[in-house]
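Start from the sequences, fold in the hints, and give me the full structure.
Residue strings, one per chain:
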Amino acid sequence: MSEPIALTVRDAVCLFDVSPPFLDRVLSGARRRVLRAVDGVSFTVRRGRTLGVVGESGCGKSTLARMIVGLQPPTAGTLRLEDMPLADGSLARPRVQMIFQDPYASLNPRWRVGDIVAEPIRELKLVQGEAAVQARVAQLLETVGLAAADAARFPHAFSGGQRQRISIARALATEADVLVCDEPTSALDVSVQAQILNLMRRLQAELGLTYILISHNLSVVRHMADDIAIMYLGRFVETGPAEEVFANPRHPYTRLLLETIPDVQHPNRDRQPLSGEVPSPIDPPPGCPFHPRCPQAEARCRETRPALEMRDGRQVACFVVR
Amino acid sequence: MSGAAPLLSVRDLRVAFHTRRGRLVALDGVSFDIAPGEILGVVGESGAGKSLTGTAVIGLLDPPGRIDGGEIWLEGRRIDTLSPAEMRRVRGRQIGAIFQDPLTSLHPLLTVGAQLEETIRTHLPLGRAEAKARAVALLREVGIPAPETRVSQYPHQFSGGMRQRVVIALALAAEPKLIIADEPTTALDVSIQAQITALLRRLCRTHGTGVMLVTHDMGVIAETADRVAVMYAGRLVELGAVDQVVRAPRHPYTAGLMASIPRMGKREDVLAQIEGSMPRLGAIPPGCAFSPRCPSASARCMVEVPVLPAGGAGAACWHPVAEPAHV
Ligand SMILES: Nc1ncnc2c1ncn2[C@@H]1O[C@H](COP(=O)(O)OP(=O)(O)OP(=O)(O)O)[C@@H](O)[C@H]1O
Ligand SMILES: Nc1ncnc2c1ncn2[C@@H]1O[C@H](COP(=O)(O)OP(=O)(O)OP(=O)(O)O)[C@@H](O)[C@H]1O
Ligand code: SF4
Ligand code: SF4
Ligand SMILES: [Mg+2]
Ligand SMILES: [Mg+2]
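Chains V and F supply the protein sequences, listed in that same order.
The opening position of the first sequence corresponds to residue 3 in this note's numbering, with each subsequent residue numbered one higher.
The opening position of the second sequence corresponds to residue 5 in this note's numbering, with each subsequent residue numbered one higher.
In case anyone wonders, no lab produced these hints; they're calculated from the structure.
The model shown is predicted, which means the values in this text are computed figures rather than measured ones.
All residues carry an ideal CB built from backbone N, CA and C; glycine is no exception.
Wrong hints could be hidden among the right ones.
To be verified - Okay, the calculated bits of chain F under chain V, using three or more residues with CB under 8 angstroms as the criterion:
1. 43–51
2. 253–264
3. 276–288
Structural data, given as structure tokens:
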């Protein structure tokens with residue numbers, strides 16, 4: 003009935019040591035400081051589905067993404083891509099690729115666009131012969147709305163959104179089975195965004211791709227995701243089928259997030275930002291990490307941390323709403 | 005706005021790249037004003053020339069890019085003809101820039117605090133301790149938690165969105181008159197976004213700061229900007245009050261843009277998209293640059309370049325979308 007699992011993440015933790023340099027620490031008597039970027043996250047994603055990950059800036063989304071693709075070793079826990087059965091019955095390692103948040107940092111400025119896109123094709127020997135490689139590059143560039151002739155130019159000659167399209171073309175070039183997309187369209191105007199999102203949906207339907215989609219843009223996530231995870235300070239605070247979470251958000255943070263979305267049709271020009279200072283992953287507040295900003299906080303929220311509990315196919319970490 | 009002298013006035017700006025393959029016109033006759041205290045939103049197709057417009061105004065065009073024509077005036081003084089040294093003084097003190105690319109604006113080997121303090125002390129008569137206090141205050145203002153700790157960290161220790169906020173803090177450090185904000189909230193979640201746009205609006209109201217706000221997020225435009233300029237293939241194709249452009253766009257490109265926004269209410273299988281892509285520089289068709297993709301194109305559109313109506317507001321189009329009957 004349901005598709006096999008493509009990715010299993012169990013209790014993934016990523017800590018960063020952000021202590022002052024050793025000498026300063028000794029002189030000033032400061033203690034070691036640890037930043038809990040990802041603090042115990044577990045989930046699975048089924049093949050051919052899209053998990054949307056949403057959360058405040060700095061809550062650990064990119065760190066989680068980097069752990070999934072193997073760019074950041076986890077401090078604890080496991081992140082495993084499950085082998086895929088092939089047509090002949092054998093098993094194969096799925097290929098995983100990341101589309102980066104920052105299209106400036108992720109493209110080598112000294113390489114021509116054609117070589118940037120061709121690299122994984124050559125590396126993985128996906129097609130035979132240089133002419134076939136060039137043809138594939140041209141096709142990929144056109145797929146993302148660039149021109150075949152752009153292969154001869156360097157990244158600096160492209161605008162921000164055009165560079166993002168280059169990195170999408172490169173990710174598609176790998177023919178990856180699992181794509182981790184970190185803000186894939188936030189540098190794009192809405193008409194190009196629509197083209198890319200439609201393309202991603204089409205490729206998913208045709209090739210059975212699995213997506214982990216990180217975006218702060220809730221309407222993009224709503225459009226793309228089957229399931230959604232709301233992240234706060236390194237942890238998931240609500241997960242479930244996207245339709246249901248959007249229709250009926252339970253966690254107070256999810257509700258506030260949905261209320262804050264600027265609406266083109268009904269703009270609120272006096273919108274007040276979420277009150278309260280954003281807590282820091284270096285000194286997370288005790289109890290429920292959301293309590294300093296939560297309108298529904300009670301006394302116990304300040305002392306004990308609520309666990310992520312499953313109810314009716316949804317997981318919510320909150321004492322009050324469940 | 006009427007009567008008030010504009011803070012920034014851009015007249016018939018032309019920018020081209022002089023390459024071996026010839027001269028590529030990237031900005032073609034762009035004109036607009038920004039009044040003190042006004043936020044002008046700039047939207048448009050990726051590659052349309054939004055960032056280039058901002059870069060030209062702050063005088064940071066890189067060769068082979070060059071201003072080939074037009075004038076740029078800031079507070080009644082022509083600035084496109086200033087020497088590089090004079091322009092450096094204008095930047096930072098009079099114009100604060102938030103670039104689309106947060107990494108290139110930050111030095112990787114200096115702490116965030118050191119960079120802020122340097123900018124503050126270059127432009128404001130403050131001592132070391134005062135500059136440091138102001139750096140922490142700025143970080144707090146842009147919503148960086150635990151700013152006292154963060155101020156001594158390096159850019160790579162910040163998340164993407166936090167780096168972007170540091171760049172915003174840098175641009176605000178010297179209290180400039182004009183802020184050029186290129187995608188300032190792109191990587192930011194909605195709550196920080198609301199905080200940054202509230203901060204920009206407050207600066208406009210209390211300090212009379214003018215802002216050129218480039219963003220792809222129509223929601224942000226709708227909630228923040230006073231007027232909107234829409235760009236396509238190096239030209240300004242529509243200019244008007246924000247609610248008019250958002251609710252009743254007159255240019256067919258703007259109308260297509262508005263239709264491709266994913267709606268919160270429902271999940272469509274396919275988003276509306278404008279078929280085709282923007283012409284490359286050097287391959288811009290004669291007449292209206294949008295004509296190959298435009299559902300209303302006529303024979304006239306293929307030969308005559310449409311211009312904005314006199315006075316600037318309206319659509320540069322021979323057959324604008326009809327104005328809706330008033331309800
Ligand atoms: N060195 C260069 N040589 C040739 N063309 C260039 C060069 N630098 C920029 N361009 C072109 O100038 C045009 C305008 O770029 P600009 O960065 O202003 O776009 P933009 O509107 O900001 O787009 P985005 O929304 O994607 O950031 C683009 O089509 C780009 O390809
Ligand atoms: N190399 C590093 N050293 C120290 N701290 C780091 C490092 N990388 C990330 N962090 C910290 O980890 C936390 C999570 O960062 P991450 O980049 O995962 O956030 P994010 O959710 O992707 O945010 P954004 O939406 O702003 O991109 C942040 O507080 C960040 O400062
Ligand atoms: S546990 Fe308490 S503080 Fe945390 S979200 Fe629920 S009500 Fe708010
Ligand atoms: S001038 Fe013609 S082609 Fe251009 S947008 Fe208007 S109707 Fe379309
Ligand atoms: Mg990130
Ligand atoms: Mg740009």
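Right, here's what the structure says about each hint:
Coverage of the region 43–51 of chain F by chain V holds in this model, with 5 residues showing a Cβ closer than 8 angstroms to a Cβ of that chain against a need of three. Chain V is given as covering the region 253–264 of chain F, and this holds because 4 residues of the stretch bring a CB closer than 8 angstroms to a CB of that chain, at least three being needed. Only residues whose beta carbon comes within less than 8 angstroms of a beta carbon in chain V count, and the region 276–288 of chain F has 5; three or more means the coverage holds.
Hint compliance for this structure: no hint is broken.
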